[in-house]
Each structure stands twice: as C-alpha cells, then as structure tokens.
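*Asks:* With chain A fixed as given, assemble chain B onto it according to the hints.
Take a look at the letters that make up each chain.
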Amino acid sequence: MRGILWTLVSVILILAFLTFLIPTLFGAVGNAVQVNAVINAEQMAGIINILESSPANGQYKFFLPDADCKVQLKTKNGIAVLNFSITLGTEQQHLVEIIENGVSVSLLPQSGQEGIECDKGREKPLYFARLNNNIFISENSLISGE
Amino acid sequence: MMRRITPIEVMGYVFKIVVVAFVIIFLLQIFVNMWPVVRLNQAEKFSIELVENVMNSNLTTSYGVFYPVLVESYHMKIIEPFMRQCDYAYALRFTCKDRDSCDDENIMDYIVIGYFTDKAPLFSKTYPIGYRIDGSDDYYNNVIPVELQVDVYDTALTNIACAIEKAYKLGEPQELRCLGYEGRDCRTIYSYFTGVGTDETDTNKNICSLQVTSPGNYKCSSEKRYLPDVVFQRAEPLVEFETLKNAKILRAIPTQGEFSGVECPNNWQSLVSSAPTSVALCIE
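Listed in order, the protein sequences are those of chains A and B.
Using this note's numbering, the letters of the first sequence map in sequence onto residues 1 to 146.
Using this note's numbering, the letters of the second sequence map in sequence onto residues 147 to 430.
No lab work stands behind these hints: they were computed from the structure.
Treat the hints with care, as some may be off.
Stated by the list, open to error - Take a look, some chain B residues computed to stay more than 10 Å from chain A by CB distance:
no. : residue
1   : ASN179
2   : SER208
3   : ASP233
4   : THR241
5   : ASP280
6   : PRO291
7   : LEU316
8   : LYS370
9   : LYS394
Said to hold, decoys possible - Stretch-level coverage of chain A by chain B, calculated; a stretch enters the list once three of its residues show a Cβ under 8 Å from a Cβ in chain B:
no. : segment
10  : 6-17
11  : 75-86
Nothing here was measured: the structure is a model prediction, and the numbers come from that model.
Just so you know, even glycine gets a beta-carbon here, dropped at the ideal spot from N, CA and C.
For reference, chain A alone in the conformation it holds in the complex:
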C-alpha cells in the first residue's frame, strides 16, 4: 500500500513539473525564434520572392517583433539585399539577397530614416505590396480595404 502511495506521489510530482515547466520552456523557445535575426530576415525575403511571381495588387502583412530592431534594403545595379538587425544585448544582423527577376523592390521608410524600425511594446505590422511591376515595403497598408 505504501509502495503504491510513493509511486503515485512520484508520478504526480513529475506531471506537475512537466505541466508547469513545459509551457514556460516552449514560450521561451518561441520568443527566441521570434526575435531571431536570421529567421525574420529569411521570412521577409521569402515574402518578397513569392510576391515577385504573384499577380499585381496583392499585399502581405508581416509583424515585426516587439524588440529593438530595424529593416533596411539596399538596392543597386539590380541586386536587392534585405538587412534585418536586432539588438538583444548585442546586435545580431542577417543579410539576404532577394531573387532578381526584373521586379523592383523598394522600402518606404518614414522621412529622414534609413530603414523601418520596430516598436518596443508591440508587434508592428509591416506591409509588402505588389503594385504593377514593383514591390513596396511600408509601415502603412498600400492597398485600400486591407
């Protein structure tokens, strides 16, 4: 009888441990993924690459992480390179080249700024819009009704 009791107590302890720690752990992993520079940059580059082969007048809404981060785009001589940097103690940055297929890609930052900055305190929306043969990246929706 006492043996069964001990087993039961051990099982309850293990279950309690797992119940409380696993969500915390997965939450921490999810948060780490969300603020990872490589993942964010690759996701945004993927959106642009797919929009390049999509019909015109389409828009995709992406959420920038709630962190100290910035999106920049360098375009020169047909090459477009997206640069995502995030500061989490130290600065992480990742550059991804966009597929070149004749569609131009432009970033529309606020006047006087080089890139689009994230907001601390909220997940800021970023819009990727395909208008004719151009893709624009903006903080504001570029297609009405979306």
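*Replies:* Chain B only, in chain A's frame:
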C-alpha cells in the same frame, strides 16, 4: 515509548530518498540538456521560391505550362535565365514523359538550363509540368506531360562567384574564409573574365573551378558559372597555385585600379571604390 527503527527500515528510507533524488536529477537533466535546434532549410526554401518564379516566368503560357521552343532556346546555356539569386546557383532539367508526343512535335526529350557541375546538388526536387503544343486551340488536351527537376547548388565556386558579383554591383568589398571553413577551397578560383557583356557563350564571362591535368598544369573543369554584367580582373592562379593553397581569406575588392599579384596589399581598403570599374580578387 518510541519504537526502535530496524536497519532494514533505515535501508528502506535511504532507498526511497535515492529514488526521489534520482527522479529529480533525471527531470533536471532533461531540461538542462534540451537544446532547441531551428533548421531553416534555406536551400529548400530557395528552391520553392525559385520554382514559383519559373512557373510564372516568360517561359510559360500559364502556370507550369511551358513553351517548348523557348525552353529549347536555352538548352545547355549556363545562364540562369529570368531569375537569379547569386547565393545559390541552379539548374533546370526538363524531361519529356511522353516521348512519342515530343518526337511528333520535334521537341527535345531532355533539356538542361543553368549551372553546370558534376557535383551533387544541395537540394533537388521534381515537379510535374507541361509543354504547350503551338498552334492548338484545344488548350487542355494539347499539353505534353513533362517533369521539371530543379537542382540547387551551393559550392565553393558559387560562393566565390557571388562574392565577385556582390562586390561589383553593391560597390562593397566581400570576404570569404578559404580553408577549414565550410569546405571552401580558394584554389578553385580561375577565370577568363575580362569585360562586360551578355553572351553566355563567351568564356570571358564565366568563372570555373580548376582541374589539375598534370603537376603544374590546370584547366577549367566542367563546373562553370556565368556572371552577367560584371567586370572582373583576371585571376592568375597558375603560377601562384601553391600560395593559394595556404590562403586564409579571399577578398573581392571593388576598385577603379589594377591589382597585381594575388596577395592583398596592405592598403587595400583605400583602393575600394563604391563605383567600381572592376573587381579584383586577392588573398590574405
């Protein structure tokens, strides 16, 4: 009066404590040693994005239905037509699945476009597509089934070619680690690059990996990459091949000047130009 605890009971308590301690240590061990690994599968991601672009390119009449005449016009050309991302090279292989229909329409059974190499691709996938038969009004019944294999490559040569292209087009110096880093070997550099042009058959526009024919003699292997609209100062590794063998860093420097030799001069940073006339390669 308290009962005396027997040695067997003491051992029983010790055993229970050991079991509980073991369970706690085991659980802690699980959590301490848990390392989440995020795999991005970038080559696969690139392949999918590339295919989306290919399926909607000027080679097609509608999604995934290709003009065979146009596809044939690029056969065995090492250009990466319509779309390009210099980080990865790609080859498109079209294989006719209904040979009789292809023969009847005088369409080649096998067409290959893009990067040439004997090396295995980093990622490869096949897709069912079709050839549109010209002059037919019956759209749905006049498509010949074809298989498209998309091979994505990430080799030392594609890395070096991409560094040269980025340096020239962005006007920023690029750097690659040569030995002991992702298997890159800077001895693969060899080039006939001399000018600007768009003719992919012109060997002056290609960069290729070296093949040793006999001690001290090298030639271009079948692995080549075409670099459009890039001016590149000819690399001469034939004499300095042994020097290259020990190279640690390869730099692609956009410049308006001329470099001599293969080693980077001490003042290479002052020779960088944001509006380069060519790219020079050097090692450190």
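*Asks:* When the hints from earlier in the document are held up against this structure, which numbers fail?
*Replies:* 3 and 7
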